[in-house]
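Colleague: So the chains spell out like this:
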Amino acid sequence: MTTLTEPAVISRRKFRLPLLIWFSVGWLALMVVVAVTGDLWLPYDYQSIDLRSRLQPPVWLEGGSWSHVFGTDHLGRDVLSRLGTSIQISLLVALLGTLIGAVIGTLLGLLAAHFRGWVDDLVMIGIDYQASIPFIILALAVVAFFSNSLLLFILLMGIFGWERYARITRGLALSSIQHGYAVAVRTLGASPWRIYGRHILPNIANALIVNMTLNFPQTIMLETSLSFLGLGIQPPLTSLGNMVGFGRDYLLTAWWLATLPALVIFFTTLAFALLGDWVRDKLDPTSR
Amino acid sequence: MNLLYALQKLARALLTVLLIVTTVFVVLRLSGDPAIYVLGLDADPLALDAFRHRWGLDKPILAQYMQFLLNCLQGDFGYSYFEERDAIEAVMERLPATLLLMGITGLFTLLIGIPAGIYAALHRNTWIDRLTMLVSVAGFSLPNFVLGIFLIMLFSVTWQLLPTSGSGTWKHLVMPVLTMTVAEAAIFARFTRSAMLEVLNQPYMRTARAKGLRWHQAVYRHALPNAAIPLVTIVGFFVGTLVAGGVVTESLFAWPGLGRLLVSSVANRDLAVVQIIVMMIACSMVLTNLVIDLLYGWLDPRVGSLRTGD
Amino acid sequence: MNQQATTVLSDTPLLKVRNLHCAFKSSKRSSLFGPYTLIHAVNGVNFDISPGEAFGLVGESGCGKSTTAKLILNMARVSEGSVEFRDQELVGLSDKAWKPLRQKMQYVFQDPLGALDPRMTILDQVIEPLIIHHLHDADKRRQLAQELLHSVGLQSGQLNKFPHELSGGQRQRVVLARALILQPELLVCDEPISALDVSIQAQIVNLLQQLRRDMGLTLLFISHDLSIVSHLCDRVAVMYLGQIVEMGPAKQIFSDPRHPYTQALISAIPKAEPGAECERITLSGEPPSPADPPAGCRFNPRCWMATERCREQVPALESDHSGHAVACFEAKIHVKEVL
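Those sequence lines, one after another, are chains D, A and P.
Sequential numbering of the first sequence, starting at 1, is according to the numbering used here.
Sequential numbering of the second sequence, starting at 289, is according to the numbering used here.
Sequential numbering of the third sequence, starting at 599, is according to the numbering used here.
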């Protein structure tokens, strides 16, 4: 029976085995490679239907063949190709979404810090408002009330998480503006543009990048969840969530249709989480 | 806790609710003509006019807004075209199932997550700690439908122990609860651990030892109560993730609750139902936050007063 | 005696401050529904600074000296009054009109680390003012910055370092260099050495004196440290609770302080000779808050000479023929007694 031990002198939490970090980096690198080069080597077009080889199992099971390494779905489409394309689309959407969110959030944060007054109040209300409701509900409502286009969806991904960028930017900009070099450069005669562009933003960049490493995987999770529900990326486009959603009904008969994309999602989000934690620990040891 | 503090929080909550209801109204009106949604684009213009008149859509916008508010207060939230009955009925029918799922999940989350976090904090940097944190990272970084798929693969397909979907017996409850609990408990474990660690490092812990208290006494009497305070703040976040998780989990397991209703209503453009559910969720979040604010004010003497001299 | 007294050394003062006020609403209220209390950080300040002069502004923390400096350079809002620089009115100027003036008036901060951008090398930071005001080309800018950094005592090897790699004294030299590269006429220094070690303080003060001579700078030096001010400045003004209570040539102020507050401050300066007579005047009572100033002369609750009149009326700043001004009813009497 272990007795309760006293905590030793404070040291940073360093339980990340480097092995896991290698795995994370490796997996994410693989994903990027697939996304970037996929068009060159994926065997089939993700939409090509082959009704003669429907629901073919992957090559390592009985009935599988090397012509469809990961098997086919109910329309005879090659699972490997669809996986590859899904990775491309999911990553692209998440990237665009994160960037849009970062730009909108940072801009609003700066505006709030610079103008104060009602502009600041408005932005703060927006931030509180957004943080108070689970975003997926908001997303569902938007999809319900408006159309289902891809453009709208990407914008939605962008709006997810803007409030964290805004909060960070506003806070750091405010403290910079009130004390220190921002005031000093102002007395030198610099214009606000110069102060924000040359002085404040570069100093905030670190915190923003850290936030991006948090935001990106969250965006992926949001997109896959919505696509899984059938309300995200719509057919004929495919996404990882999509594939799981459609494959769910075949779990008993053709389990690979849902499980393989699920595994890809699992490894990807896990890799981001492990890597992100580790990077954050390195960049800013004071934050837990 | 100051009365002024409580009143201020209450006023803010009410204002937020009003804001939510108004936003829903605005979005509803912006999203297009309900008449066309229901009757179709090719419908006879006269029929469209009759529809609009029937539902008061031809009145000025302010009158519509007032009517809307009035309806909400009276519990009349519109008609579900898909289910062909009052929207509120459709929602109320599904509510118990969701409450059941969330309740049990919440219970297990607290029972598993908090002790795990405390244990990890007390055994800092040992393999127990590292394992717990690793598992919890995996837990909450995983979209819950992915976990659900894996569980189904394991319990339904491979071992054939549990049904893949539906409701009715306790067997149907196991996997949905498990799916949601893992993510939530992971969050709690991590948060509890850091709250405990912060508290354990405070000078008053050393003072407690100096007073002669044995270690576990100091933990129970000083560390735990103080660590509880920041935990209160994540309850709001927790409810939010419960709701979000519930939507996806219910859809995956075909659990007949509000989450599943929401998704199908969105797919079917059954706006009245969507509207109610969104408002209900938003209002319960506001309520939760209000309770937390009040609780926080009561628990933490540093927070609960709104002094005029400051 | 209605005119506020001001002392002028030459005919055209570089800086003229008249009836300067800075009041702002605090977040406190006296009662739940009453108005927010108004804090008068600066309450009717008048002085002139002549070209080439070193003018010291002293007082305790919270007396308004820093705020006065900020008001002059448009870093805080003026509620009332006027500030003229070479006969040009500064209060109410647009941002655009301020830009050329920035070249002529510069500010040195108390905290050198905070005043420097942590991500830029010190060379770049000294070059930056030249870029902002579109002066010279890149090579010339570099050269000027390097020369100036050398003249403030920094070596070539240090020019590419970042602020956190330098010591406090070195950083303050960088801040000085940055302020001086535009060759301003007026340099406002707000507690520039308080954050530094005592041994370094002397170095910076010497540097300032040297720069004054070399560049013909006019200096407004703000500090709570009287011994430094007595070394550096030609004239001194003593502030208490937002008002100037005594002003005049530094020698006179220090050898013959007339206002009781000044006397208390000066008595607290540690004397250089051990065993020398040390009559410290300790002030009684709490320093009052600017939100709730006492009636009459603001110093009266702590003053050992206070009379009934002091508690009811506010004394005006009155000057004698030598330019030594004091705002105290009892000081006059005392002086007359001595004479």
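Where hints are given, some of them may not hold.
Stated by the list, open to error - Simulated restraints on C-beta separations: (1) D:Q47 to A:L361: 33 to 43 Å; (2) D:L150 to A:Y353: 29 to 39 Å; (3) P:P698 to D:Q234: 56 to 66 Å; (4) P:D832 to A:T495: 26 to 36 Å; (5) A:R317 to D:W41: 34 to 44 Å; (6) P:S754 to D:L152: 57 to 67 Å; (7) P:M673 to D:F267: 50 to 60 Å; (8) P:D832 to D:Q178: 46 to 56 Å; (9) A:L575 to P:K759: 22 to 32 Å; (10) A:L583 to D:D45: 13 to 23 Å; (11) A:P348 to D:F267: 53 to 63 Å; (12) P:K759 to D:Q47: 41 to 51 Å.
Because the hints were derived from the structure by calculation, they are not lab data.
If you're wondering where the values come from, they're calculated on a predicted model, not measured in any experiment.
Beta carbons: idealized from backbone N, C-alpha and C, even for Gly.
Colleague: For which of the previously enumerated hints does the structure constitute a violation, in increasing order of number?
Modeller: The structure breaks hints 1, 4, 5, 8, 9, 10 and 12; every other hint is satisfied.
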